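The listed protein sequences derive, respectively, from chains W and X.
The opening position of the first sequence corresponds to residue 1 in the working numbering, with each subsequent residue numbered one higher.
The opening position of the second sequence corresponds to residue 1 in the working numbering, with each subsequent residue numbered one higher.
Hints are computed from structural coordinates only; laboratory data are not their basis.
Just so it is clear, the structure is predicted and the values come from calculations on it, not from any experiment.
Do not rely on the hints blindly, as some may be mistaken.
Said to hold, decoys possible - Pulled a few chain W residues facing chain X out of the computed Cβ check, cut under 7 Å:
no. : residue
1   : Pro37
2   : Trp80
3   : Gln81
4   : Arg100
5   : Trp145
6   : Ile431
7   : Pro432
8   : Pro433
Every residue, glycine too, gets a C-beta built ideally from N, C-alpha and C.
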Amino acid sequence: MDSALPPGRAMTTKEWAEIALIDLNNFYFAAEAAVSPHLQGLPVIILSNNDGTVISRSPAAKALGISMGEPAFKLKNLIWQEGIEVRSSNYELYGSMSRRFVQTVATLVPRLYQYSIDEVFCDLQGMPAPPLETAALLRSRVLKWIRMPSGVGVGPNATLAKLSNHIAKKFTDTGVFRIVSAFDHAELLSEIDVSEIWGIGNKIASKLSSLGVTSVADMLYVDRTLIREHFPITVQRTHAELQGHRLIHPWDDGTDKQAISCGRSFGRPVTTLHELTEAAAEFADRATNKLRAQGSVTSVIQVYARSNPFSAHATPYSRSKTIKLIRPTDDTREITRMVALALASIFNERVAFTKAGVVLLELEAKQGIQTDLFSAFSLNDKTEAVMSVYHAINRKFGRRSVRLGRATGENKWTAKAEHMSMRATSDWHSIPPCY
Amino acid sequence: MHALNLVGRAFRSSHTKIVVPYFGLIHCGFPSPAEDYVLAELSLDELIILNPPATFMLRAAGNSMRDVNINAGDIVVVDKSRSAKHNNIVIAVYQGDFVCKRLVIDRQSNRIILQAENPDYPSIVVEDRDQLEIWGVVTWTAHCHLDAP
Chain W
1 MDSALPPGRA
11 MTTKEWAEIA
21 LIDLNNFYFA
31 AEAAVSPHLQ
41 GLPVIILSNN
51 DGTVISRSPA
61 AKALGISMGE
71 PAFKLKNLIW
81 QEGIEVRSSN
91 YELYGSMSRR
101 FVQTVATLVP
111 RLYQYSIDEV
121 FCDLQGMPAP
131 PLETAALLRS
141 RVLKWIRMPS
151 GVGVGPNATL
161 AKLSNHIAKK
171 FTDTGVFRIV
181 SAFDHAELLS
191 EIDVSEIWGI
201 GNKIASKLSS
211 LGVTSVADML
221 YVDRTLIREH
231 FPITVQRTHA
241 ELQGHRLIHP
251 WDDGTDKQAI
261 SCGRSFGRPV
271 TTLHELTEAA
281 AEFADRATNK
291 LRAQGSVTSV
301 IQVYARSNPF
311 SAHATPYSRS
321 KTIKLIRPTD
331 DTREITRMVA
341 LALASIFNER
351 VAFTKAGVVL
361 LELEAKQGIQ
371 TDLFSAFSLN
381 DKTEAVMSVY
391 HAINRKFGRR
401 SVRLGRATGE
411 NKWTAKAEHM
421 SMRATSDWHS
431 IPPCY
Chain X
1 MHALNLVGRA
11 FRSSHTKIVV
21 PYFGLIHCGF
31 PSPAEDYVLA
41 ELSLDELIIL
51 NPPATFMLRA
61 AGNSMRDVNI
71 NAGDIVVVDK
81 SRSAKHNNIV
91 IAVYQGDFVC
101 KRLVIDRQSN
111 RIILQAENPD
121 YPSIVVEDRD
131 QLEIWGVVTW
141 TAHCHLDAP
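So that you can see chain W by itself, here it is in the shape it has in the complex (with noise of 0.2 Å):
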């Protein structure tokens, strides 16, 4: 073996060797879909939050050529013209859907990471069946318990693994496929795009294409001193990968245990859900300059307020909420936007509150996070531009001397939802009917 690889992990205990990655079709449609069958095979799309812009479509709305990030304004006709039903994002019914879909894989595989609101790493290594009979078993259980389709690729690493998924998705019937060797596959190589490559984003992959490399094959086969010379060390990693090495684990990753809390008790109880989103945006804040202060990211919110344990006059009250985020962040917007969610959700009128709190968890170093699935509406370089003013004049003039704006009157914050579906799975007045 190559002595000179870029220097990647030690192998660990927690070394996967026979990977799978599965990976849910358009999975804000198939979680609508699930629970209203009515939707299956029509065009649908799913606006993000506010109704901006399209964050997902159902096969038929793909068909008509509506592009993600689409903003909802400018379908306006097309949407009449067509028939298409829309929808805004119901992220109860996702994270439901979410959790039911990496409950159901751990009733097959013993070692699982869950990479994203919807794709799932697995150790496929010492399971009893055949690596290609797990993953149709893996496919086959999630479609028929919780109704959704998705693609499973197997690889002996997560890049190649990541790989399969996009091929089983776009090349085969099946939904499944698997790479031992990627040198067994060139002629079909050839024809992926090196974009698609995991940790291959728009950026690179124009400049690889500068240099003549193009397809996946390409990269496969490109001298590694050229990617060396001109590329930082994360691109080299994913060549290596590429080529069957053992570099990337995310599943060793994201498992850091540390968290970052910030709470405190009320001077006076609160009742206004104004009062008590305004108490918590500061504590998302603090939270948040903390982390950005680590050099972390966190992929967990968990909200908390409770009323005073010990009163006479009323039962205790104690809520919790954890928001999974579809990708790590260490945004205050947007952190601070999903407290404002969690908290209308445990919020209660009758109910004098005492404390509250705000626990970022499942943090890992900025470094290395990929940029490519969600960065169209999430994560980007504005934001990064946007957040590291507001840190520094913050730094500079003292906290708070920036803040974050919070509208005002208990409607205006809230997210505009104009088509948002039932809760299906979380609220007893949603449930959908059988007749």
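Given chain W, put chain X in place with the hints provided.
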């Protein structure tokens, strides 16, 4: 034997109220002999939700299954992980809606009948089996007996 440890200090907050840190119940007397059995409480979830990730709840919206005691308004518990068999009460997708019916597989004609359990309601004869989706198997139903729930 049963010493009381100091686990926190009461302090005066900016207002006049005394705030005591809360650490759960601390026993000072003779320990209850039932303490070890505290977790053995009946759980309806445990009884009814046989496979949590694959269990969904629907609400009966008609009386087509009245004769098997499923009435409008009842909660219908569906386990999607089970394979539907002849004679099961199932949830099927029919013309875009969930329907709750008895699954009858007629071996002779190789037809599937979604049978209503109430003579006032029609059964559905499925001509094209490929068009039929059996969404899940009904495992339990819950009926509220209060006048105004």
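Return the numbers of the hints above that this structure violates; sort them in rising order. 2 and 3
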